[in-house]
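Engineer: If you want the building blocks of each chain, they are given just below.
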Amino acid sequence: MSAIGQIIARQRHFNPVAFWAGIAVAFVPALAGLALLGVAGWFITACAIAGLTAVFLNVFVPSALIRGLAIARTAGRYGERMVTHDATFRFLAFLRTGIFKGHANAALQGARKLRSGASLNRLTSDVALLDAVYLRLAVPTVVALGVGLLVCLWFAYLDWRLLAGLGLFAAAVISMVVRLKGRNAAAARRLEAGHEALRVRSVDLVAGRRDLAVYGGLDKAAGKVMVANDALIRAESEIDNSAGSFTAATFLAGQVYLAVMLTLTGLLVFDGGLPMGAGVAVLLVSIALPELVSALVPGLSALPRTQRAAARAEANLQAAETGNMDVNAVAQSVPSAAFDGGNTAVLAFDQVSFAYPGAGRSVLEAFDMSLAPGECVALVGRSGCGKSTVSALAAGLAAPVSGAIRLNGAPVGEAGEERLRKQVTVLTQKPYLFHDTVAANLRIANPDASEADMWEALERAALADRIGRSPAGLETVLGEGGLGLSGGEQRRLGLARAYLTRPVLWILDEMTEGLDNETANDVLDRFFSFKGDAAVLMIAHKPQEVARADRQVRLADMF
Amino acid sequence: MRIARRVIAAGRHRGRRIKLVELTADDRGQGALEGAAEEARTRKPAPADLLLGNERAALSRAGLLLCLSDLLWIGQAALLAFCAASMLSAFMAEDTAVLPLLFLAASAFAFVLIGGARALCQHKAGQMARRVAATVKIRKRGEFLASIARVSPASGMPGSGQMAAYLSEQIDALGPYLTHFMPQQQRLKIVPLAIVLTVLPISWLASLILMVTGPVIPLFMALVGMRAKAASEAQQEELARMSGMLLDRLRGLVTLRLFGALSNTERDIETAGERFRNGTMNVLKIAFLSSTVLELFSALGIAFVAVYVGFSLLGDLSAGTWWGALSFGPGLFILLLAPEFFAPLRAYAAAYHDRAAGLAALSKLDALDRSLTEMAAVNRSDTAVRGTDPAAVQRPGLAQTAPVLRQAPLIDISRLQVGAQSARRLASVTFTARAGEAVILRGRSGSGKTTLIDCLLGFVDADGGHILINGFPLSDFDPAGWRRSVAWIGQSPALFHGSIRSNLELANETASGADLENALALAGASGFVSRLPKGLNTVIGEEGFGLSVGEGRRLALARAALRTDAPVLLADEPTAGLDDDTAQDVIAGLERLAEGRTVLLATHDPRVLRLSWRQIELTAGAREASA
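In order, the protein sequences belong to chains R and C.
Quick note on numbering: my numbering labels position 491 of the first sequence as 491, and the sequence is numbered without any gaps.
Quick note on numbering: my numbering labels position 204 of the second sequence as 204, and the sequence is numbered without any gaps.
These are computed hints drawn from the structure, not numbers from a lab.
Being a predicted model, the structure only gives us computed values, none of them experimental.
Treat each hint with caution, since some may be false.
Restricting the straight-line Cα-Cα distance to at most 27 Å, the calculated cross-link-like pairs of lysine-lysine (DSS-like) are [claimed, not checked]:
1. R:Lys224 <-> C:Lys534
2. C:Lys364 <-> R:Lys224
3. R:Lys181 <-> C:Lys124
4. R:Lys542 <-> R:Lys531
5. R:Lys224 <-> C:Lys137
What the simulated footprint calls covered on chain R by chain C, stretch by stretch (three residues with Cβ under 8 Å from a Cβ of chain C suffice, anywhere in the stretch; the number is not a length) [as the list claims (entries may be wrong)]:
6. 62-70
7. 99-106
8. 156-166
9. 198-210
For every residue, glycine included, the Cβ atom is placed at its ideal position computed from N, Cα and C.
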């Protein structure tokens, strides 16, 4: 099944009532619109005949019907829009959650390489594109087919020979749809690549202006963006032009269809088979019928792009389903070693080796280390020797190839995600701050933290004054990536966030890197006065950090 | 520190947040842009400025072609009505001979011919409008890129992501505005009027029905639309925030995991989605109402015309015509024209969203354009250096004729200052670096080290004093040529999306393989580059291989080393944020690069200050540091 089909199936499965209700309601305006023209055509013809022959004609039923259909068409259109949009938004919300779940699962299963910023960007914009699947593809297609079928039945009831014209038209439209579908796939790929190149090169141009001015020249870099732009415009034109040709071709097919119907009805009226009124009704319905196809044009011309977006989203959603997110799973059997008195190491590495999958060389080889309760150990070594790998292993973000890592005597991998997170807090060089309020950023660490707790944590991190000065206080919204706070302030907010946890083990990953000495010492002082009797694993290369440790563990250079 | 308080958006669902207040960084470019955007909101953007004369003409021709297509329908409708009327009279007379097959076939053929002409008109109109949109987009992007390249690299600019969004999405939003909306304006002006005028001679009453229902529509739509517009703008922001939130949470996934906040966040995303849906549906409730009004009037218009024609034909109603009773043919003709009277209105309303998006993009682009122009003006006041430079005044004949540098030059800086009295970025600096001499500029952050280097690169113009290179004012050198004779390492060097090789070759296009090897070896980068999956051809940058800070710095050093013929070396905090081992490698590389060059190195790193080079302390006034 194509990705779009899968997305449609997903939406049907997600909320079948809303899915079918939207389609059912969409039939109302389509049918009412056709019927309005048909009845009107029949009505004036009948009137004309009655006027000429002075036969009695009940005019009140048809004229009331005409007004009723006019109102049904209007109300139906409104209802259709409301119901289909509501169904779509519900589904998109579900998709977003699903995509987050998929990524969370991948992270929990230890996927090493997190996706690049660009692909995450694309993924989230894909979701927005997917509203077209139901609104512009599923609903209009089903309505066009359904209404087409009803018109077929009506034609067949009147005279089966009328079907010839309709069949011709349907065949023409279907062959054009098939042609359009095959044509744009390559252009859609180039369109995406063009968009991506335009974005990446503009980012490079703006972010690297100093470097480009000296090396290579700004004008040349701007020229490269324009090359991407040209490719993008070419792909766009190609897609737009084939959509334009499709529109023109279906329009022409509609015109030919009308001409055929004109001839057919004329012949059939004289053949005696078809009443004059019905003939005019058939003609008027035929005028409006091609509109059902033109409702499909926007959805069809964007089809290849939607297809690509659907395929990516689908892959992600499947990842969400295959992994079961056992965040709340608790270790079934905690080895009794965990409770063998006070002399168990908080953290112990026992002959641990680690290598990235597929890599020739291992990053760690038979590494031993242990941390006693309350102890602070500095892990030193030159960059690239695997310090960060040790931190990732200890935090349970990666699993060793061989050997065992124990936290309070229990293997890290078996502790269960939730328990592990309660026991270990990691403070990184650059804390990730969310584009949200200060309070929301703090509550990531502890959703139950009260305002007082948060102010206390900020106080400890020496940030309370700064946040207090802002009129919105804890409700101050941080810009993307902590925008609005200086580098040091961001670090302090990260610290405050960590202070809302009470772990048994802290992992500090180059916590004061890039801070000036004064700030670094202040941050370190505050941390050590707060940490209490928890153990600390500190990845460091600055002497002032290393000096705070009880002892050092030097990682040998593996290269 | 001053906290800039900015109200980004007011009004939030359920009054959860009354105001969104954002703390802004001390980012002048951002501020300038915001200010300009504020101004643009009050100033109405002028779409006319967007188009050149011939483009406006092309769009207008496209609109006229659409009108022509609609007007041809009048002919087709007449043909249909005539055929039906002939059918009726033949039907009444029960005489097939009145209507031979040939007549029907000929009519059908004529109908298809006109239909073909209409298809051609529509297709041509679409092509013309698309061509205009493409050229406008190309031109706009070209203009912006030229402005970006013109602005000094030292001036603040909005974030690169934001600028990329301007260059791609905002400019893209102009496309549908030009292709879908603009041609519809003409259609709206001409077609309904033409149809009313066509109906008028046949029946003034039918014409009146159309005339009454037609103009009422825009009025109602405007009433409903005004409320919808404000609401939908707020909702657009909410949508952006909504996808922004998902993106943000995905980027911070590891943090969320480390704090055990994954399931809570999942719930947050769910509630945010629900809130967004509710908000959007509230907006759409009103927005759809405006198109429903249109729908209602067009449906009722058709119904009234049908009933009026029907009753006239019955003979119950004889009013509305100029003479005699309405007959079947003309009656059907009127009925066929009625939907077409409303069609341009419906198309206009359908394209209205494209108009809103296009105009919004236009006003944003307008604001950016003006702030870029301002920035370019501020940093390219060419008189700044030369005007206050006595040396230049003494050598009027030599302006712009400074020779190309081949050997390490003498750099003479005297009383150089940048920034106004109240906000000095660099306070009067005087010193001389002899040809081939290496000088360290030291000083605390904020003492103007980077500003001085920026002056030397020509990114910032001095507000006083002068820089002489071999006795020639810096402003006499062609900026690009001067920069080509400089090897430079910045404090946060940028590497670009592409292979390592293409990044290095930016410094020297004609570098041989051996040159590359030497440069990498000098920078201590040979080792890690050879370990990368594809060596020199490994793609780095966005979506490429992530490099550590140290690795990036080594590559930047290699890039500088590739400028083998550059007689000047400028370095700005080349060891910032590096661990000791990497820093030692970088310092050793710099020492080798310094040979045979005039060197200015700005730093406050004690590891670099150990070098035996002459040191200049940058403070309120520069002076020789005690050695």
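Engineer: Hint by hint, which ones does this structure get wrong, listed from lowest number up?
Structural biologist: Those not satisfied come down to hint 8.
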